[in-house]
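**Student:** One letter stands for each residue in the lines below.
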Amino acid sequence: MKKLLAAIIALIAVIAGLIAWNHQLTAKQSTTSATKTLVIYNWGDYIDPSLIKKFEKQTGYQVDYETFDSNEAMLTKIEQGGTRYDLVVPSEYTIQRMKKEHLIQPLNLREIPNMKYLAPQFLNQNFDPHNKYSVPYFWGTLGIIYNDQLVKNPPKHWTDLWKPEYRNQEMLYDSARDMMAIALITQGHSVNTTNTGELQAAEQKLRGLSGNTKAVVADEMKMYMKQDEAAIGITYSGDAAEMMAVNHHLHYVVPSEGSNIWYDNFVIPKSAKNVKAANAFINFMLEPKNAAQNAKYVGYATPNQGAMKYLDKSVTNNKAFYPDKQTMKHLQVYRDLPKKVNQEYNDLFLEFKMFVK
Amino acid sequence: MTTKKHWFFSLPYYLWLALFVVAPLVLIFYQSFQGLNGHFTVQNYVNFAESGVYLKMTFNSVWYAFLITVITLIISYPVAYIIAQFKSRDFWLALIIMPTWINLLLKTYAFIGILGENGSINNFLRFIGIGSHQLLFTDASFMLVAAYIELPFMILPIYNSIVAIRPSLINASLDLGASRWQTFRRVILPLTKNGVFAGIQAVFIPSLSLFMITRLIGGNRVITLGTAIEEHFLTTQNWGMGSTIGVVLVVAMLIVMLLTDDSGKGVHR
Amino acid sequence: MKKRRTLSKIYLAVILILMYAPIFYLIYYSFSSGNTMDGFKHFSWKHYQALFVDTRMISIVLNTIIIALLAALISTAIGTSGALLIQHIKHRAWRQNVLVLNNILMVSPDVIIGASFLIFFTFLGIKLGFWSVLLSHIAFCIPIVVLMVLPKVKELPRSLTDAAFDLGATRWQAFSQVTIPGIMDGIKAGFFMALTYSLDDFAVTFFVTGNGFSTLSVEIYSRARQGIDLEINALSTVMFLVSLVLVYIYYRFSVKPSPKGGR
Chain R
1 MKKLLAAIIA LIAVIAGLIA WNHQLTAKQS TTSATKTLVI YNWGDYIDPS LIKKFEKQTG
61 YQVDYETFDS NEAMLTKIEQ GGTRYDLVVP SEYTIQRMKK EHLIQPLNLR EIPNMKYLAP
121 QFLNQNFDPH NKYSVPYFWG TLGIIYNDQL VKNPPKHWTD LWKPEYRNQE MLYDSARDMM
181 AIALITQGHS VNTTNTGELQ AAEQKLRGLS GNTKAVVADE MKMYMKQDEA AIGITYSGDA
241 AEMMAVNHHL HYVVPSEGSN IWYDNFVIPK SAKNVKAANA FINFMLEPKN AAQNAKYVGY
301 ATPNQGAMKY LDKSVTNNKA FYPDKQTMKH LQVYRDLPKK VNQEYNDLFL EFKMFVK
Chain P
1 MTTKKHWFFS LPYYLWLALF VVAPLVLIFY QSFQGLNGHF TVQNYVNFAE SGVYLKMTFN
61 SVWYAFLITV ITLIISYPVA YIIAQFKSRD FWLALIIMPT WINLLLKTYA FIGILGENGS
121 INNFLRFIGI GSHQLLFTDA SFMLVAAYIE LPFMILPIYN SIVAIRPSLI NASLDLGASR
181 WQTFRRVILP LTKNGVFAGI QAVFIPSLSL FMITRLIGGN RVITLGTAIE EHFLTTQNWG
241 MGSTIGVVLV VAMLIVMLLT DDSGKGVHR
Chain A
1 MKKRRTLSKI YLAVILILMY APIFYLIYYS FSSGNTMDGF KHFSWKHYQA LFVDTRMISI
61 VLNTIIIALL AALISTAIGT SGALLIQHIK HRAWRQNVLV LNNILMVSPD VIIGASFLIF
121 FTFLGIKLGF WSVLLSHIAF CIPIVVLMVL PKVKELPRSL TDAAFDLGAT RWQAFSQVTI
181 PGIMDGIKAG FFMALTYSLD DFAVTFFVTG NGFSTLSVEI YSRARQGIDL EINALSTVMF
241 LVSLVLVYIY YRFSVKPSPK GGR
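Chains as they are written, first to last, in UniProt numbering: chain R, 1 to 357; chain P, 1 to 269; chain A, 1 to 263.
Simulated from the structure, these hints should not be mistaken for laboratory data. Please note that the accuracy of each hint is not assured.
Unchecked claim - Rough simulated footprint, nothing fancy, chain P against chain A, three-plus residues with beta-carbon under 8 Å: (1) 10–20; (2) 44–57; (3) 206–216.
Unchecked claim - Derived CB-CB ranges, DEER-like: (4) A:ILE10 to P:GLY35: 55 to 65 Å; (5) R:ASN283 to P:LEU254: 50 to 60 Å; (6) A:VAL53 to P:LEU11: 25 to 35 Å; (7) P:LEU174 to A:TYR20: 32 to 42 Å; (8) P:VAL70 to A:LYS46: 41 to 51 Å; (9) R:PRO338 to P:LEU254: 34 to 44 Å; (10) R:GLN149 to P:VAL70: 51 to 61 Å; (11) A:ALA50 to P:LEU174: 14 to 24 Å; (12) A:SER44 to P:ARG186: 52 to 62 Å; (13) A:TYR20 to R:PRO120: 36 to 46 Å; (14) A:ASP54 to P:ARG166: 33 to 43 Å.
Ideal Cβ placement from N, Cα and C applies to all residues, glycine included.
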């Protein structure tokens with residue numbers, strides 16, 4: 001018993017010591033008051049940290065940067081409340097949802113004059129007419145990545161994925177919307193279809209892929225492709241850029257017959273406490289030089305026209321990441337679907353995954 | 001007075017039961033009767049029973065969890081037994097527990113590096129001339145990693161029950177002419193039954209709801225109930241269906257507990 | 001006889017090597033000058049240098065350890081009292097019910113626990129951050145402690161406590177000198193298991209954390225989107241070595257005293 005008590009006391013002493021140490025560490029960081037802090041909720045590693053430092057220096061605000069790893073997880077936290085975020089970066093279909101549920105507030109565009117640098121083709125989109133609520137941050141596409149060492153005939157179109165020569169070589173992306181979209185496009189349907197018959201046909205079509213499927217994965221695909229684990233992968237352009245920077249045998253194609261185009265955007269939640277700082281930050285990130293620096297760091301395509309001249313020609317002329325007008329015409333944005341239809345997509349995809357086995 | 005003290009000691013535990021077990025449980029149960037539009041419905045249960053997908057998934061989960069449990073049990077019992085014989089057994093036990101303090105995701109990534117197409121094992125196989133094999137995304141690798149993760153949770157309770165056996169009992173058995181094997185079967189094994197059951201509970205039940213490694217190592221070729229719940233809560237936002245599967249898991253746990261329950265049947269002391 | 005000894009030692013060695021293989025793999029790559037875990041470039045300390053100037057990361061590590069130790073300590077106390085309590089319950093069906101309730105948190109997938117705790121905390125108006133994370137960790141650690149302590153309690157001969165009473169011991173004396181030493185191994189095991197659960201938890205923490213508070217697992221998962229940073233490998237190496245040293249010190253100090261003490 002004495003030994004137990006001694007152990008407990010020692011443990012408490014250790015904990016107290018650690019708390020004191022931690023206090024000392026964080027005290028240096030957060031001396032500013034709440035009105036001077038800006039809380040950003042963004043995807044992990046989705047911003048150049050030196051830009052945050054620069055912003056803090058320029059404006060005197062203190063930035064708290066928190067991260068999430070899926071739109072849905074982020075949404076759950078915002079819906080439940082209990083936390084305070086001033087600026088969030090969701091994807092477009094989530095913005096529609098947040099708008100419907102009154103979770104975000106209209107922007108005061110006068111506070112964000114740097115909007116003028118954004119290319120008009122990325123403004124006034126279906127999911128947010130007149131950019132009442134959102135400002136585009138990055139954009140990209142869904143496409144095919146392949147390893148030129150492991151495939152003889154590179155895939156160019158979605159239908160190529162069904163070729164028997166790619167047996168057990170493909171990595172699919174673990175996302176119902178994306179995989180169904182591929183099947184829907186090959187059958188000439190909209191990626192936003194709500195027609196049950198079309199969806200079921202798409203799932204039947206997907207089943208044809210099961211022989212070629214090596215695995216159904218998510219973010220970790222980047223690591224697998226970098227390490228030559230698989231020959232072909234379905235992925236997003238931003239992830240592709242990152243993989244290609246490491247493994248020079250990888251190439252990314254956006255099928256010209258059509259694909260998905262997505263946007264990640266700044267929005268300000270209703271519960272924000274420091275709207276002024278949020279506006280200032282958006283404006284700061286739209287500054288062409290900053291946008292270019294950020295695009296270089298993150299590797300995704302920027303909607304900022306002004307930033308183009310600061311980026312390498314080899315990047316901005318690369319059709320895989322800044323597709324030509326012809327392909328752009330065929331790209332489709334996901335719309336937020338009614339819950340019931342959404343569920344149909346998910347159920348069918350789950351059925352497909354169980355079938356792969 | 002003593003009853004008062006008794007209450008003082010047990011209050012935190014009861015409080016915990018009420019707030020963090022019963023309340024969430026009620027919540028899950030309530031949720032499982034909610035449809036997509038927030039109305040009361042039994043549709044989720046109907047879906048579960050009617051669609052072959054979920055039944056197949058349940059069957060798969062139980063089967064894999066069973067295999068994982070058997071594998072860990074076979075590996076763990078000798079380990080626990082050997083360590084219990086050592087003089088510095090605390091130290092060895094700590095060595096067994098320590099790997100669990102390294103983040104799970106990191107260890108999984110390490111396994112990917114080891115099992116991958118160009119990983120250590122395949123490099124070795126190529127080196128000795130066998131040639132590379134597909135190791136990742138197979139049932140075998142999935143179960144290997146799952147067993148790896150669960151191992152300490154099986155070893156610990158078994159070890160505890162072995163240590164609790166008084167050496168005099170074993171000596172008595174040996175003195176009475178029993179062989180080592182007889183002693184093990186007739187004395188040690190029955191006395192460690194509690195530990196084995198605790199280990200099975202600690203491994204089988206969480207194995208039903210493994211997720212993450214089903215995707216990272218199993219490449220989603222193995223889909224457990226846990227994976228489905230994860231998806232319903234985080235990706236598809238269908239909390240009703242997710243909760244329904246949760247209720248099924250709770251029921252599965254009840255069954256396991258009934259099967260491994262020994263109170264009343266065991267030796268009275 | 002001797003052969004059996006060496007055989008069992010070899011078996012243990014093989015198992016331990018297998019258990020540590022992935023960890024050594026991580027450690028090995030923490031010294032690579034590259035940025036990924038495929039293909040060792042050449043030896044470098046750069047990930048360690050990056051780690052030691054990363055105050056945010058160090059602070060997160062401290063948070064993680066503080067939470068883990070506090071949660072393990074408190075849940076061990078509550079869990080032990082719970083195990084004793086369960087054994088005390090005379091009514092068999094009722095005891096079974098409590099046990100079932102106890103185990104529910106162990107079977108529930110982390111996501112369900114996390115989501116229901118989140119709803120619960122916001123309902124009560126508890127601010128998300130250190131306290132909500134600590135409370136959740138204590139909550140999901142308790143059942144594992146009970147599970148570890150209960151077999152010990154069951155093995156505790158009733159006659160022993162009765163004997164203590166016969167010898168004129170008070171309740172407290174019987175408790176502190178007979179019961180506690182008797183279940184000490186279970187308590188220890190429970191504490192370490194609780195520590196393990198707390199250190200490793202991602203899903204529950206993710207839901208109930210907020211307002212700038214973060215733990216290592218949450219940080220690692222959100223960084224994993226870009227592939228894991230070798231700085232994390234360096235961090236794991238440091239933490240692993242520290243725990244190895246701690247275990248060794250503990251071993252040296254707990255074994256030294258005469259065999260009379262302890263068990």
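**Student:** Tell me, which hint numbers fail for this structure?
**Tutor:** Hints 2, 3, 6, 10, 11, 13, 14 contradicted; others consistent.
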